[in-house]
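Participant: Residues per chain are reported as follows:
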Amino acid sequence: MVNKFSIKNLDMYYGDFQALINVNMEILDKEITALIGPSGCGKSTFLRTLNRMNDLIEGVRVEGEILLDGENIYKDIDVTKLRTRIGMVFQKPNPFPMSVYDNVAYGPRAHGIKKKAELDEIVEKSLRRAAIWDEVKDRIKKNALSLSGGQQQRICIARALAVDPEVLLMDEPTSALDPISTLKVEDLAEELKKDITIIIVTHNMQQAARISDKTAFFLNGELIEFDETDIIFSVPKDKRTEDYITGRFG
Amino acid sequence: MKKKINFKEGLIYGIIGVATLFTIGILVFILGFIFSKGLPHLDSHFLTSQFDSTSAYVDVKLSEGTENPLGLILGEMTLKEKGSIEKQVIVVKDIEKTSLAESAVNNKGQNLAISKNDIINRIEGENVEGKSVDEVNQILNSINADKVTLRITKQGGGIFPMLMTTLMMIGLALLFSVPIGVLAAIYLVEYAKPGRFVNLVRFATESLAGIPSIIYGLFGMILFVMTLNFGYSLLAGALTLSIILLPVIIRQTEESLKAVPDSYREASFGLGANKIYTISRVIIPTAMPGIVVAIILSIGRIVGESAALLLTAGTAAKIPSSLFESGSTLTVKAYTLAKEEANIELASAIGSVIIIIILILNALSKLLSRKITKI
Amino acid sequence: MGKDMKLDRKNELKEKLAHYLFLFNATVAIISVAAIAFFVFYRGLQPFIPGNAEGTYSLIDFLTGLEWRPGEGKFGILYMIVGSLLATTGAIVLGVPIGILTAVFIAELAPKWIRTVIKPAVELLAGIPSVIYGLFGLGIIVPAIMQLSSQPQGQSLLAVILVLMIMILPTVITITESAIKAVPDSYREGSLGLGATKLYTVFRVVLPAAKSGILAGVVLGIGRAIGETMAVMLVAGNPIAGLPTSIFSPVRPLTTNIAMEMSYAFGLHQEMLFATGVVLFTFIIIINLILNRITRGSELK
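Protein chains in written order, with this note's numbering: chain A, 485 to 734; chain B, 176 to 550; chain C, 9 to 309.
These aren't lab readings, by the way, just hints derived from the structure by calculation.
The structure presented is a predicted model; accordingly, all values stated were derived computationally and were not measured.
Think of the CB as a built atom: it goes at the ideal place given N, C-alpha and C, for glycine as much as any other residue.
Hints are all accurate, no fakes.
The following label-pair restraints were derived from C-beta to C-beta distances: (1) Y195(C) x L403(B): 52 to 62 angstroms; (2) Q690(A) x A434(B): 32 to 42 angstroms; (3) R545(A) x A434(B): 29 to 39 angstroms; (4) L342(B) x A217(C): 40 to 50 angstroms.
Whole structure, please, built from the sequences with the hints as guidance.
Facilitator: Now the structure itself:
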């Protein structure tokens, strides 16, 4: 196993407020890493530092290092290229108000792919990888907003996969979905892990336990404990982790 | 516990009702006045004719083997001249299918078709004013040639030039102001960080919205008409209008850009799309209905504008043949008719056309706004 | 593994250029305001500067004169300023109460179906061009006043006041209505919960809470009234001299002075028209500054 991400002494500030405090973490390639913790603990903020989505927010400052395959992503790099390597799926399904096809083809087109045949192939492949091809192949020209919430979320996953990312960041991807759709997305994550690294923020501890290889517990901007999921959920080393997973707070 | 309204409350309810009825009543009254005076004038002649009458000599070939070789069915008409002198003239009532009147040529050899409602002043040099239809037909029948020379007068009184000028003004003013307004709004919503510059732009747009047309007119006159020497012209008018439109377009576009959910921006950036791509492929298409509403509101403003155009585009009642020629829009013409010729009837006829245009524009923007709120 | 993430200079340059393009267009509004102020003041103040090519005129005589006789070189606008102010005041006094009450009806009392009829009507009233109001004034209001008045003509201060009153209605109604709508429902519930009637609640709680918004509507109305030109020009009478002595006197507001004579004026006459514009513009700037105060103040709250 190789390191995909190495996070070293990471501090992050929103203006005067320090949102992440000295986070150190090694994330392995082709594993699912779950980030858990109570609301406002910094897990989503941490996820968004990994593809520099926080750059969009005013007054954000990052110190320390995040290495992707050994390259510091906060040095002089092209953020758009970084984001093609690291896809993202959001809390609420957010397909664009256009057809399923145009949604999935959006990323490739943004990076200059224009040939119809090539796009067709990418769209089909991505929809198949997101396990939604069979459901939408007949209405690929329909507006994506006409689909159900669960389908929309898998369209968003397909859209992220279409640019062939090495890492997929998922920010509570199932919190807006019904149980059946949730299960489909979870199955999908386990399937995808064969090829790519997945980092998932979740509120749902069963979900973390079900699908992740490693689990990280955040509290008040600090990484409290990071270990094999089995260990975190059976013999956590830190009292606070134990309190959280046994539901004593949060 | 029965509901009781005491006298004082009843009185206040009454006053509120009267105020509301007054507001609505005024609107109905105004529309009724303009339409009752104006609508009877509205016909295809009114919409498609020139404003001024024009006369010309034309040669018409006579068709062979027909009962009426000229093919014109004539009638008599009384014409009111200035100073309320009345005179009787011969007018073309209808044209037979066999007639060659459509391919008549003027003395420069250009085609100038005779059409319905044209007045015939002279036949082969002979003045026919005051003659009866029978007399004129006799003159025509006595002609023994393959063509006849007529002096005809195309009747004016139409608003076609003003319609065209209004359309040109709309096109030109939007051409300047829409790109500037939309790009400015994009800057304010997508790029600018809150601070002094944004406040300054906001202050400027608010100030522009508060400046009355006449001041815009003065400015346009000083800068475009005089300093840049465009003269009273289509261009000076359109440039002045485009500044008037800026606050409308910027504000409306800003609103529709702000209504685009942030999740669309995140999704696009998350896929590695850059900012221009995100703006052009996701944000603008999503905000499009709002931008179209901005354009519709602008068209309404152009159609209604008069004071600023009076001082920049002038009052010529013809279609400007270049950017540097004067032309009067419908509204400006309605004003000059009322003010300088005291012709309220004709001014109201133009007023009816303007109100109909405004009604259509209002309905369109309503329809679109409903579409926007659905998203 | 590990695609290259090197900075793409060309792409960066493109983004920067786009940024500056957007920025430039945003400055157009600022440039426009500055240019308007500069050109109007620059040209309009020329006649008061010694050594002006077209001749000079005393600023005091200009501002205090009661005669406008370009042929005789008399350019006094005091009677126009008075006319503009009287007309605006009259329109506000009559129009604001009607506008506020109509807004109260629309926002608080009207059943939904009536609202769906009235609101488009008010919008239409706002969209009707000035010239149409002028036509209406000339065709209906002026003849009616002629019946009442001892003056030979119906064009008068009263006609101007009535036309302007109608024209400010949509402004006052729309702004007041949105100010009323912005009052939180908890205020109404608080008052109604204490057993107050609906009317009592509207006049004692809702309207006071919407005060600054309503005030903004009134100031906007003043701006619209004082700047209105075409409608006023058709019904004002536009005399060449004299302060108005009654509501039946003809008046010559500042705006119509500019629009009426501009097409044929030249030399000093033209510059004095520009100077009239400066006086009008000064009024407008004062009104806008007041408006700015009011809206900023309510935002801070």
